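**Student:** Model the full assembly from the supplied sequences, consistent with the hints where possible.
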Amino acid sequence: MKGGKDMGVHEGRLYVYQLLKHLFEQPLNREGLIELQEQPGLKELAQISSGAQSINDFLVANKDEYPETLCQALQAEYQRLFVGPGQVLVPIWESVYFDPEHLMFGERTLAVREFYRKYHLESIHKNRQPEDHLAVELEFMTYLIGQYLASEDDVQQTKLLRDQKEFIQKHLATWKDEFLQFLEKSTGCLLYRGGGQLLKEFLDMECEMFEHLEEVS
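Residue numbering for the sequence shown follows my numbering, starting at 295 and increasing by one per position.
It should be emphasised that the hints constitute simulated quantities derived from the structure, not laboratory data.
Since this is a predicted model, take the numbers as computed values, not measurements.
Be aware that a few hints might be false.
Think about it this way: if two alpha-carbon atoms lie no more than 25 Å apart in a straight line, the pair counts; the simulated SDA-like pairs of lysine to any residue are [claimed, not checked]: (1) Lys-412 with Glu-395; (2) Lys-470 with Arg-407; (3) Lys-470 with Glu-305; (4) Lys-315 with Ala-367; (5) Lys-470 with Glu-460; (6) Lys-453 with Leu-308; (7) Lys-315 with Ala-340; (8) Lys-315 with Glu-416; (9) Lys-479 with Leu-375; (10) Lys-494 with Val-303; (11) Lys-357 with Gly-326; (12) Lys-494 with Tyr-391; (13) Lys-464 with Glu-478; (14) Lys-494 with Arg-374; (15) Lys-479 with Val-377; (16) Lys-315 with Glu-305; (17) Lys-470 with Glu-416; (18) Lys-412 with Ala-444.
**Tutor:** In structure tokens, the structure reads:
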């Protein structure tokens, strides 16, 4: 079922999900910042994504900044946007966007949890973060793609593709637009604005790809 071209497409998808998870999982420390600066595929991705271009522009503009100083600024901005104290400016949990009272641990959290259980997975953030935290949802997609790339069984490959499509359509793609709107209203930081733009652009491409993929139609 999988040819060389097909493998390349899914390896590229895996890279983008890993990149986005890296950006939004937690504030970047020194090692995380250096890892981002050394991403080999970011410049290539920037050729087709304005969001990736913004991320690259941020890194180029700050290449001479002391890593510790830049990390402190990014950690403060991550805290201000996604954590608080006080009102969270950019909710990073799916359920908040759909709960009538904008609360965490809502029905969407339970739905995501059931999806993970299909693969016998427990969230790495269980009891600390809801399973519908953006980074956890992105990590789940990296798991599904990794399983697809490792599988040699046509039936299993088709199931993994269908589950990827369903998870994107029912979860990740349902709140990407509002997430970006909150980011654009709340920060001028090109790293996080670019991350939100890349998330939206990439998930739009994902939805289009799955609409035309014969195996899951």
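**Student:** Taking the hints in turn, state whether each one holds.
**Tutor:** Right, here's what the structure says about each hint:
For the proposed pair Lys-412 and Glu-395, the alpha carbon gap of about 29 Å is over 25 Å, so the pair is violated. Restraint check: the Cα-Cα separation between Lys-470 and Arg-407 comes to about 19 Å, which is no more than 25 Å; the hinted pair holds. Proposed proximity of Lys-470 and Glu-305 is supported: the alpha carbons are some 22 Å apart, at most 25 Å. Only pairs whose Cα atoms come within 25 Å are accepted, and Lys-315 paired with Ala-367 is accepted, the gap being roughly 19 Å.
Under the criterion of a C-alpha separation no larger than 25 Å, the hint pairing Lys-470 with Glu-460 is consistent with the structure, at around 15 Å. Our distance criterion of 25 Å between C-alpha atoms is met by Lys-453 and Leu-308, whose separation comes to about 17 Å. With a CA separation close to 17 Å, the supplied pair Lys-315 and Ala-340 stays within the 25 Å bound. Proximity of Lys-315 to Glu-416 is assessed by CA-CA distance (about 17 Å); at most 25 Å being required, the pair is judged to hold.
Note on Lys-479 and Leu-375: the hinted pairing holds, with a Cα-Cα distance of about 11 Å set against a maximum of 25 Å. Restraint check for Lys-494 and Val-303: satisfied, since their Cα atoms lie roughly 18 Å apart, inside the 25 Å limit. About 14 Å separates the Cα atoms of Lys-357 and Gly-326, which keeps this hinted pair within 25 Å; it holds. A hinted pair counts as satisfied when its Cα atoms are at most 25 Å apart, and Lys-494 with Tyr-391 qualifies at roughly 16 Å.
Restraint check for Lys-464 and Glu-478: the C-alpha separation of about 24 Å stays at or below 25 Å, so the hint holds. Of the supplied pair hints, the one linking Lys-494 and Arg-374 holds, its CA atoms being roughly 22 Å apart against a limit of 25 Å. A C-alpha spacing of about 16 Å is found between Lys-479 and Val-377, which places the hinted pair at or below 25 Å, so the restraint holds. With a C-alpha separation of about 15 Å, the suggested pair Lys-315 and Glu-305 falls inside the 25 Å cut-off, and the hint holds.
Our distance criterion of 25 Å between C-alpha atoms is met by Lys-470 and Glu-416, whose separation comes to about 24 Å. Distance restraint check for Lys-412 and Ala-444: the Cα-Cα separation of roughly 18 Å lies within the 25 Å cut-off, and the hinted pair is therefore satisfied.
The structure fails hint 1 only (numbered hints given earlier).
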